[in-house]
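Enquirer: Using the sequences and the accompanying hints, generate a full structural model.
Taken in order, these protein sequences are the chains called B and F.
Residues 6 to 450 (our numbering) are what the first sequence spells out, left to right.
Residues 6 to 450 (our numbering) are what the second sequence spells out, left to right.
Treat the hints with care, as some may be off.
Heads up, the list lumps identical chains together, so a pair's fine if it works in one copy or across two of them.
Stated by the list, open to error - Restricting the straight-line Cα-Cα distance to at most 30 Å, the calculated cross-link-like pairs of lysine-lysine (DSSO-like) are:
hint, residue 1, residue 2
1, Lys277, Lys347
2, Lys266, Lys441
3, Lys63, Lys75
4, Lys347, Lys441
5, Lys266, Lys87
6, Lys367, Lys42
7, Lys347, Lys266
8, Lys74, Lys92
These aren't lab readings, by the way, just hints derived from the structure by calculation.
2 protein chains.
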Amino acid sequence: MKEGMNRREFVKASAAAGLAVATAPNIVKGVDDRKAKLGFIGVGGRGTGHLSLLLRRKDIEVPAVCDIKKDAVDRASELVVKSGRPKPTGYTNGEEDFRNLVVRDDLDGVVISTPWEWHVAMAVAAMKAGKYAGVEVPAATTIDGCWDLVNTSEQTGVPCMLLENVCYRRDVMAVLNILRQGLFGEIVHCECGYRHDLREVKFNPGVQFGPGANGEAVWRTAHSIKRNGELYPTHGIGPIAEYLDINRGNRFVSLTSTASKARGLRDYIIRKAGENHPNAKIEFALGDVVTTVIKCANGEIVTVNHDTNTPHPYSLGFRVQGTRGIWNDVNGSIYIEGRSPKEHTWEPFDSYLKEFDHPLWKKYAEEAAGAGHGGMDFFVAHAFVESIKRKVQPPIDVYDAAAWSVITPLSEQSIAQGSTPMPFPDFTDGRWMYNKPSFAFGEEY
Amino acid sequence: MKEGMNRREFVKASAAAGLAVATAPNIVKGVDDRKAKLGFIGVGGRGTGHLSLLLRRKDIEVPAVCDIKKDAVDRASELVVKSGRPKPTGYTNGEEDFRNLVVRDDLDGVVISTPWEWHVAMAVAAMKAGKYAGVEVPAATTIDGCWDLVNTSEQTGVPCMLLENVCYRRDVMAVLNILRQGLFGEIVHCECGYRHDLREVKFNPGVQFGPGANGEAVWRTAHSIKRNGELYPTHGIGPIAEYLDINRGNRFVSLTSTASKARGLRDYIIRKAGENHPNAKIEFALGDVVTTVIKCANGEIVTVNHDTNTPHPYSLGFRVQGTRGIWNDVNGSIYIEGRSPKEHTWEPFDSYLKEFDHPLWKKYAEEAAGAGHGGMDFFVAHAFVESIKRKVQPPIDVYDAAAWSVITPLSEQSIAQGSTPMPFPDFTDGRWMYNKPSFAFGEEY
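Expert: Here it is, written out as structure tokens:
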């Protein structure tokens, strides 16, 4: 991207210059006529969720679907047909067949919901073929992968959106609204994380994982065996990055990461299947709790906890703290100095959720109703589709995808080196200093 | 301390060898007759709190009281006289007059409640004079100070107790009970901190601090101006150290510390007194939130937050997490797999507080009623007095005092070096591997 260009100019310029985006077959005639033609790579649980949700819209077409499992493609095709659309072409011919999908000339964008380690290859292939890449979280699992996404997007002029739905959680967006109205004062500290007991996801059925197991146990468990780090940062860090204007006036500068011992998964296996089960001998690399502390250019610090191997209720553990007030999602509370009725005493967040409901939620609550994960899935898909229709950068762009996802490999390095601080790459090459915040300002998407 | 000796043997051996403790004037005749003769150094807010509480006991005498302020000593003397005891000798002749108190031959122990930077000098002087040192938190502010305490205690054979009251908080002790009964499984991760809005303590009255100000604003504020680190770790880390058997089979190995920018205090001054007030120009060193992550020898990690400059309700932010269950004080909840009625759902902690009430609380609840900080002040003073009467090591000993307090200077070094990991000194010189847990096992103290 040329210096001084903002995202919107960049995409328009790319289009004007006859780059990939401009060759996409969709011609903008008017808001009502615009459609996004989407291909789906990966239609397991998550991909099917995206597909079902998007099929409720009138402004999308689904010419192609890809999955290594034929029955997944068949099920997806049936959903498309049931929605009154033509039967999509299916791509099921092995792990590399997605490359045949992305080069079709009847697609504007591709939704990628595959195992983590495939995200970069698929998003890069999509961008190189001129298709908007909508990639599930995390976007990459290595530093090189993050750079590949950024470099490819810059070289092709094609956007890549990270499909981080939690940025659109209703309370998360209300807090964004509260923050932008200044009620927290100047933010100094945030906390977030992924505290989700995944034992029944990592082992399914019983204590099985790998080929032949169900759902994410097929591939996700391997990451717990081989890797020790903050493996899943974006649900927590995405919203925090929006609060802190990361890549838009601020950036992540460095992190330290520390891992506890790994005990939970083995304990689970032994209780479920006994000490003599072969899986009871596995040495898991992933610490049960991994705590990462990030320092930002503007002086804020952010704590991120990854916590998926032991029994506890689900929480993303948000805490946003400034000179005038604080939101504490762990106890569902807020405290604003001078506004909260009782000094040094929490107020329930509920009334703030109503008063500061984000304009996007006010406008689209009805459309979001029934969408996955409390409605937030609607918004992230909506943003992807609307960005494609307008041929603009999506609100969560390739620099966000890289800066949020790179936490994982950096935390692995920090842990491997005894919690040594690791610097973040600056994927924007200095443009973070000049970029302006852009997430969820309008009422459109 | 000689290798292979446990604490109790150590004190008994010291006494038998005619060391300082043995020359103390109190002779054990029987439980009912034993008394602890206590001197008080520092009778401001906190020291007076200890004094008032201890005067309710029949087993203590107070022959001497010291403070640089004569009116403080007068007030303390009056309290002693009102309790039916002889008027104590007062020491008010400047900052070094405490040295004349500690050498009296009618004292067994000294309670030290002075500004942090005096704790080491006073505790060392007390131990050298053969008096049990009971020192308020933190015990020291430097690494050398921690070593001075340990070396002096070992060389003199005289114990030093850190008066960390939160170890005796009723819910904290119930959790200790739950943990020892195995309900959490194997502990992997803990969180704690000191999240206390101290702005009205650091500035009092108005935005004043330093000489002429009130209470702790006289001296404590200077630490926020000059130091950037985890300044007050022991209220949080004390209970966690007991949970994790620190110095007794486990130890703190290393930490990283990261500080946010410092904004809260200046914002407070400007709002209270305007931009033109001279204090509005102060550059505070202390980050508003300082997050420290400690790695333990047995593989647990502990997050500690110091957070005193912005508006928020008080919390020590406890979280104790194992392979089978978790206590989350931030939302007043607990979850024990297989016991909690609803899967993945918090239970209120209240019923556990009743069921797992610690034997010490069951026994002494009546005596503790009305004591400071919800009754826990009774227990810490009780433990100090009972240890003196029995001539044994106190349950929170000089190694605990050092290991918990050294977090502060280590965190300052880590922050100054960009969150570089800092190793903990092993104050026990390897004995942590053989020492057995000893805190709050009996029903006596």
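Enquirer: Work down the list of hints and note, for each, if the structure agrees.
Expert: Evaluated hints:
1. Lys277 with Lys347: Intra 48 Å, inter 19 Å, cutoff 30 Å: inter-copy only.
2. Lys266 with Lys441: For Lys266 and Lys441, the Cα distance is within 30 Å only across copies (22 Å; inside one copy 41 Å).
3. Lys63 with Lys75: Within one copy, since 27 Å is at most 30 Å while 83 Å is not.
4. Lys347 with Lys441: neither (37 Å within a copy, 46 Å between copies)
5. Lys266 with Lys87: Classified as neither: same-chain Cα gap 49 Å, cross-chain 56 Å, threshold 30 Å.
6. Lys367 with Lys42: within (27 Å within a copy, 69 Å between copies)
7. Lys347 with Lys266: between (42 Å within a copy, 27 Å between copies)
8. Lys74 with Lys92: within (17 Å within a copy, 89 Å between copies)
Against the hints set out earlier in the document, violations occur for numbers 4 and 5.
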